[in-house]
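Protein sequence lines correspond, in order, to chains A and B. Take the first sequence: its letter number 11 is residue 11 in our numbering, and every next letter is one higher. Numbers in our numbering are just positions in the second sequence, counted from 1, shifted up by 1000.
The set of hints was computed from the structure by calculation and includes no laboratory data. Keep in mind that this is a model prediction, so the values were computed, not measured. Ideal Cβ positions, reconstructed from N, Cα and C, are used throughout, including at glycine. Check the hints yourself; a few may be wrong.
[To be verified] Just a sample of chain A residues kept apart from chain B, beta carbon distances all over 10 Å, derived:
(1) T28
(2) P43
(3) V48
(4) I54
(5) G75
(6) L111
(7) F112
(8) F120
[What the hints assert, rightly or not] Some chain B residues judged to face chain A by a derived CB distance under 7 Å, without partners named:
(9) G1119
(10) L1130
(11) R1134
[What the hints assert, rightly or not] Using C-beta positions, here's what the derived DEER-type ranges look like:
(12) A/R85 - B/V1122: 36 to 42 Å
(13) A/P19 - B/I1120: 34 to 40 Å
(14) B/S1097 - A/R85: 46 to 52 Å
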Amino acid sequence: MTYPRLIDDGSVWIVVIPPVIWAAHFLTCYWVAAVWCASGAAPLTPVVWAIAAITVAALGGIGWAAVVAVRRYGGLRRPGRHVSRDEPEGRKAFLGHVALLLASLNGVAVLFTALPVLVFRQC
Amino acid sequence: MPPQPRPLGGQSPPVEQAPACGVDPAKLCQGEYAIRVKSHIAVLAAPLLTGCGGRHSWLAGAGAEARIIETLFWPFLFGAAVLWLAVMALAIAAFRSRREETRGLVRAIIIGGGAIVPGIIVAALLVIGLVTLRALAAMQPGLSVQVDGEQWWWRVVYDTPAGAVVTANEIRLPRGETAELLLSSDDVIHAFWAPALGGKMDMIPGRTNRLTLTPLTPGSWGGLCAEYCGGAHAQMRFDVTVMEPAAFGDWLAAEAEPASAQALARQDGLSVFLDSGCGACHSVRGTEAAGQVGPDLTHFAARQRLGAGIAPLTDAALRRWITRTQDMKPGVEMPAYPDLSPEALDALVGFLMALK
Ligand SMILES: [Cu+2]
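If we strip away everything but chain B, and leave its shape as in the complex, we get:
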């Protein structure tokens, strides 16, 4: 095999493919070792760097609140870096110092560097932080959305002049408008966090916490539960879909409607749904299913993801969800239905996917 140029970073190919480095494939020559180390650093750094882009990045600037927080982050980071460098420089200077009489200097460093300078810095940070908080609290909302954390999904209720519109696991918001999220919980403490759009807020049983989001960039942004809440906590996710205001209005009007006629026309699927007892936990408005334990499924197929944001909503994923629920989301509070006949499953999936 001819020697191949090896790319730095990323996954390095197995050692055997590099005959240039000697007869024994188990031994690495020096250059090889350096490349190895570099690629390991790259592998270690990759998760850190991927945090800087994409749907979950709080540096994406997709919301006014996220931008306010970002303006706080850079000065803090800069200040911390300057302090760190100063302390390191001082430490090096102390190691190298050959001075005999240092008592006065030590006293100055302890009083200045130990009390006065930190006091001033902490006071400044406090004031900047408070001013930021005040800016966040001053946003005036035009839309009110109630979000309840449940183990391990999100109940979403839009408060509209025509009444409450119930949905789940996906929050749609109009671009450029401030929405007020009223956060609560029915079981344990959860925390609501859509990093690209704004701050993080706890959801506490018996309390309502208020968080505003002012999305600026249309798109689909990711969110997650940020407070450990039990077994499936890591799979408690959601989407925030930011739409143009007109499209949002249309969506909200459609969401307020009962299930579509196309779905209700799928008689056999609907009867599998009702006969299997799904309606004890799930609501599909326009049918007799009115359960409140699980997510509202009236417009289930209009969502992009399944099972509180854990998988893209496809036919195959939905089949797996129904037949092997625990495998997909260990700990989930929905029973699996492994014993549905293939025909019944086909009909049921067809019905659910028609719930646009």
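If we strip away everything but chain A, and leave its shape as in the complex, we get:
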């Protein structure tokens, strides 16, 4: 085993990536809106486009993490298979499963974060 293992099989990083993307997206949206609104009550259109772009990028990143996770997990559903012993195969599948669930959760969270700009047209 060689360290550091970043994104190769069995690495835990795949679990961390979706939440980190969500947090970065959240913070950036907040910053963009706050800076824009603090510098004068101009129309919100550029902010809407900026946040749309950030959101698409964030969803892309999370989607990629989800694809990797599905590959590790070995499909979308694996009913009936149990991980009962400490072995690399089981570890990989378990991390893939956790990463997949986190990716879907964070995908929804990113969409919720972006929703207000679609509704509001002013600061």
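Dock chain B with the ligand against chain A, hints included.
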């Protein structure tokens, strides 16, 4: 004593007055016990029910904003009730179920009921809430009122073309017109809430928050501070008086004037006021009293209540306020004046009550 019919609900009379229930007055017979329990439920429910009517009720629909919020409340309540019933039904079904093979069903319930359905519901609630917020933010104001939270009263400044009009503790608004309230604070965080008229908004030192109110029903509505702000927080109240637009215009013009000639003619009262040092904290325009620490008293007697809405403004209440301020409002940032002679107090109260 003949047995008396007993009303259900409300305060039940003491047990001794019910000889029908046996020799020992300390023991209750069964019917008695049931009545007791019912009346206790009534006593417990009373505060909940009184919340549904009156000057502080957010279901009174006295303002456009309150109505917008109410249209949000009923669907939310209905949805919550439906969900609760569904979960309860599911729980009962689970207890009674005799099924052997449940793995598929459990998986469906966890994924459907644990992720998909809540996701959709939360998304729907978010969108409805945002649309409501947008409707609230879109109201176009015709009148601007600055309200500052102070420990433990409200400084109110009307922004008019002729200049600022300063008053306190009672906000008057014209019916049918949207007023913009610019909310801030000079000390700690307070929150402005007139439930019958609209939403609640924090008052934060160094910031100005904007809230609109569009009153629809004339009358006197209650308001309060909704963010704990220190000892007398619970006694930090105010009135919102909704008037017909013409009457409001007259009131605002009168409020902009200095103190009335009738009040200023009460020389002895005015000199008690000035000699006691009240003017260091209070302003009465038209006199040399120009303090900024406490509420402006120029048209004090035109208010309906005293001490930030805690008591109806009467002669007796005002005497108590001046001589035993701390008893009336523990923690208040005004010194009491217990040592004024009766004559001086009479003159002072006469002067203050003439400040129409
Ligand atoms: Cu308070």
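These are the hints, each one checked on the structure:
The Cβ of A/T28 sits about 20 Å from the closest Cβ of chain B, beyond the 10 Å cut-off, so the non-interface label holds. The non-interface label for A/P43 is consistent with chain B: the shortest C-beta to C-beta separation is roughly 15 Å, beyond 10 Å. Against chain B, the non-interface label of A/V48 holds: every CB pair exceeds 10 Å, the least being about 14 Å. With a least beta-carbon separation of about 19 Å from chain B, A/I54 lies farther than 10 Å from that chain, consistent with its non-interface assignment.
Distance to chain B confirms A/G75 as a non-interface residue, since its nearest Cβ pair spans about 15 Å, more than 10 Å. For A/L111, the shortest C-beta to C-beta distance to chain B comes to about 8 Å, within the 10 Å cut-off, and the non-interface label is violated. Non-interface status of A/F112 relative to chain B is broken: a Cβ of that chain comes within 10 Å, the nearest being about 6 Å off. Non-interface status of A/F120 relative to chain B is broken: a Cβ of that chain comes within 10 Å, the nearest being about 6 Å off.
About 6 Å separates the beta-carbon of B/G1119 from the nearest beta-carbon of chain A, less than 7 Å, and the hint is met. Hint on B/L1130 holds. Least Cβ distance to chain A is approximately 4 Å, under the 7 Å limit. For B/R1134, the interface hint holds, since its Cβ comes within 7 Å of a Cβ in chain A; the closest pair sits about 6 Å apart. A hinted range of 36 to 42 Å for the beta carbons of A/R85 and B/V1122 is consistent with their spacing of about 38 Å.
Separated by about 22 Å at the C-beta atoms, A/P19 and B/I1120 break the suggested range of 34 to 40 Å. At about 33 Å, the CB distance of B/S1097 to A/R85 disagrees with the hint of 46 to 52 Å.
When each numbered hint is compared with the structure, violations occur for hints 6, 7, 8, 13, 14.
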